[in-house]
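A.B. asks: So the sequences go chain by chain: A and B. Residue numbers 1 to 287, in this note's numbering, belong to the letters of the first sequence in order. Residue numbers 288 to 641, in this note's numbering, belong to the letters of the second sequence in order.
Don't read these hints as lab results, they were simulated from the structure. These numbers come from a predicted model, not from an experiment. Take these hints with a grain of salt, some might be off.
[What the hints assert, rightly or not] Under 7 angstroms between C-beta atoms, here's a sample of chain B residues computed to sit facing chain A:
#, residue
1, Arg292
2, Lys299
3, Pro305
4, Lys477
5, Gly480
6, Thr481
7, Val487
8, Val490
[As the list claims (entries may be wrong)] Covered stretches of chain A, going by a simulated chain B footprint (3 or more residues, C-beta under 8 angstroms):
#, region
9, 51-58
10, 76-84
11, 88-101
12, 104-117
Note that CB positions come from ideal geometry on N, CA and C, so glycine has one too.
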Amino acid sequence: MTEAAIKVEDITYSYGDLLAVKGISFEVQPGEILGFLGPNGAGKSTTIKMLTGQVAPKSGVAQILGADITLDDPAIQARIGVCFEEKNLYLSMSAKENLDFYASLYGIKDPDSIEILRRVGLADRAKDRVKTYSKGMRQRMMISRAFINKPDVLFLDEPTDGLDPVTSASIRTTIKEEAARGAAVLLTTHDMFEADELSDRVAFINDGVIVAIDTPENLKLKFGKRSVKVRMRDGSGVREEIVALDRPDSGDRLKEVVGSGDVLTIHTEEATLEDIFIQMTGRGLVG
Amino acid sequence: MSLTRMFKVLRKDLALGPRSPIFLWAIILPFALTLILQVAFGSLFAAKPRMAVVDQGASEITASLEKMDGIELTVLDNPDALKDQVRANDFDAGLILPKGFDDAVRSGEKPLLELYIGGESLSSNRIILSVTTLDLVRQVEGTAPPVDVRIENFGNEGLPISVRLVPVIMMYALFIAGAFVPSSSLVEEKENGTLSALLVSPVKASEVLVAKGLLGTILAFVMAFMTLFLNKALGGQPLVLVLVILWASAFSAVLGIVIGTAAKDSASMFTLVKGSGIFLFAPVAFYLFPEWPQWIAKLFPTFWAIDPIWQVAVLGKGLDAIWVDLAVSLAIAIALVPVIGALSRRMQRKLVAE
Ligand SMILES: Nc1ncnc2c1ncn2[C@@H]1O[C@H](COP(=O)(O)OP(=O)(O)O)[C@@H](O)[C@H]1O
Ligand SMILES: [Mg+2]
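For reference, chain A alone in the conformation it holds in the complex (with noise of 0.2 angstroms):
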């Protein structure tokens, strides 16, 4: 088995008295996606500031590539792309003077930055200052910046936060294929979609902690209820029958309903990654 990317035994870090992230421990392979799925406050942008070395851990240790987090050592930041959650771009340069200048600090020669800009939908934009750019313009330029440096190891908080599903979709693409090409990424969102689709494990963080960290598919077979949802004609009406499955009476039940009348439509209903969430730690991903 290949070196870890990202190596993180039991780190902590508190703002004062507030402990933000209480001792959590993963681990991120070249080309896997790592989801981290919490809500607001659950301590996962804090985690990202640790890891690329923007605060120390209070305690804990923690290797990017098999170099530790606090030695600050330019040759593992060079290979490194951060997304940050808040959108930090020189307004008053265009988005290639941007990742020229970025590409720059990187050594890298012959920046390809029009063809970065594609890939995120901006090249037609590249000369216009970001000052002019819309939200989601802005937040794709963050991504974009992120891959300037062909990063092993990337880490995006909340890439796709606030944007409309068209471009979301188009970012999750852009993911994917970073993660194709064998970095390992880290990612941060409280949309349970989006770590279902991009996800290969998911880490649920609430208050701190890991609660659970494996691949979408097992965590919805560990914890999620699977049922079935007959709908049947009832009179004028329509009537809703759901019948949980994995019980000893499963499948006498759904007999039973079945023959109750007349079946519209079965469907099974599986868990999603929010009522995992919801069950194991008592709060919904929002709110």
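Model the placement of chain B with the ligands on the given structure of chain A, informed by the hints.
C.D. replies: Chain B with the ligands only, in chain A's frame:
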């Protein structure tokens, strides 16, 4: 510390400069102040009084005027052309010496002396030219003057207010360009979060700070040099002058980095600048008011960086007169390095946590 990355940041800042209002302000301000000053007081190191002479008879007076260093003499042929040019302010004064003027004076004839004064000439130049001319006439006559003239300078070695204002403009040029531009550039990067983005890349905080410092130094040097040039106050030793301006620019930039690393955001930076402004600018007031006890100026750190410029550019002194100034300001700058180091570490912590 990688110089390559530092230069990349510097190049970006230089390219961004003209898009920033503060940068533009730093460039315009010294020009504006110089312009105001020139309108109010005339050129600082006003060119020598300009005199035109039409000499119709090889007068001794013309020969003597030609020998005088303090007067710029032009000899013309045509009396009408002379009057026209004085009227057009091409000369401060014009003198017409008719044929046989010297002989007439010597024989006590009291001939008419035609001296035309330009309406726009400075009164100081009028006095110099009239007194000099009358003095020369008396020399031709060969008699001793009826009174003994003793000249005594009042004020700071007799330097006019316009000259004493040079340090004020210099301080403005240096402070705005050297300190304010880099500190606001740094604070802007903090506020916009771009500093965080730089710091997760291979760039180090020290490289960013050095780049900002060089930005201030370069801009301050150009502006300070332009200011002295516009005010015709370049002294006599160009190399020493370049050295002292460069040093004062770097010194201002060091102060700018202190302010920029200490300030959390632009609001707190303005508070800091307002609070420290008096302290920074105090020493230049002592050049304006020579009657104040001058030693007090030396209590302020900026004195030691600005005084060499005064000594070299205004008083025409050389290295031997300023080495103490340079040593003291260098010591101050070196003492500030660990302060900047501590402020920088605090700044990086504050980028994330309150
Ligand atoms: N700069 C800060 N100062 C103080 N508390 C903070 C700061 N940033 C985050 N927190 C707190 O730390 C906890 C985790 O925050 P964060 O990591 O931003 O969560 P997430 O990214 O999952 O929304 C929250 O309770 C939040 O209020
Ligand atoms: Mg967050």
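A.B. asks: Now tell me, hint by hint, if it's right for this structure.
C.D. replies: These are the hints, each one checked on the structure:
With its C-beta approaching chain A no nearer than about 6 angstroms, B:Arg292 sits inside the 7 angstroms limit, and its interface hint holds. A least Cβ separation of about 5 angstroms between B:Lys299 and chain A falls short of the 7 angstroms threshold, and the interface hint therefore holds. Taking 7 angstroms as the C-beta contact cut-off toward chain A, the hint placing B:Pro305 at the interface is violated, the least distance being around 10 angstroms. Taking 7 angstroms as the C-beta contact cut-off toward chain A, the hint placing B:Lys477 at the interface is violated, the least distance being around 10 angstroms.
Interface restraint check for B:Gly480: the shortest CB-CB distance to chain A comes to about 3 angstroms, inside 7 angstroms, so the restraint holds. A least Cβ separation of about 5 angstroms between B:Thr481 and chain A falls short of the 7 angstroms threshold, and the interface hint therefore holds. Evaluation of the B:Val487 hint against chain A yields a held restraint, the C-beta minimum of about 5 angstroms falling below 7 angstroms. Because the beta carbon of B:Val490 sits about 5 angstroms from the nearest beta carbon in chain A, less than 7 angstroms, this interface hint is met.
Check result for the region 51-58 of chain A against chain B: holds, 4 residues qualifying (beta carbon to beta carbon below 8 angstroms, three or more required). For the region 76-84 of chain A, the proposed coverage by chain B is satisfied: 5 residues have a C-beta within less than 8 angstroms of a C-beta in that chain, meeting the threshold of three. Given as covered by chain B, the region 88-101 of chain A passes the check, having 8 residues with a CB less than 8 angstroms from a CB of that chain where 3 are the minimum. With 4 residues carrying a beta carbon less than 8 angstroms from a beta carbon of chain B, the region 104-117 of chain A meets the three-residue requirement, and the given coverage holds.
When the structure is compared with the earlier hints, violations turn up for hints 3 and 4 and for no others.
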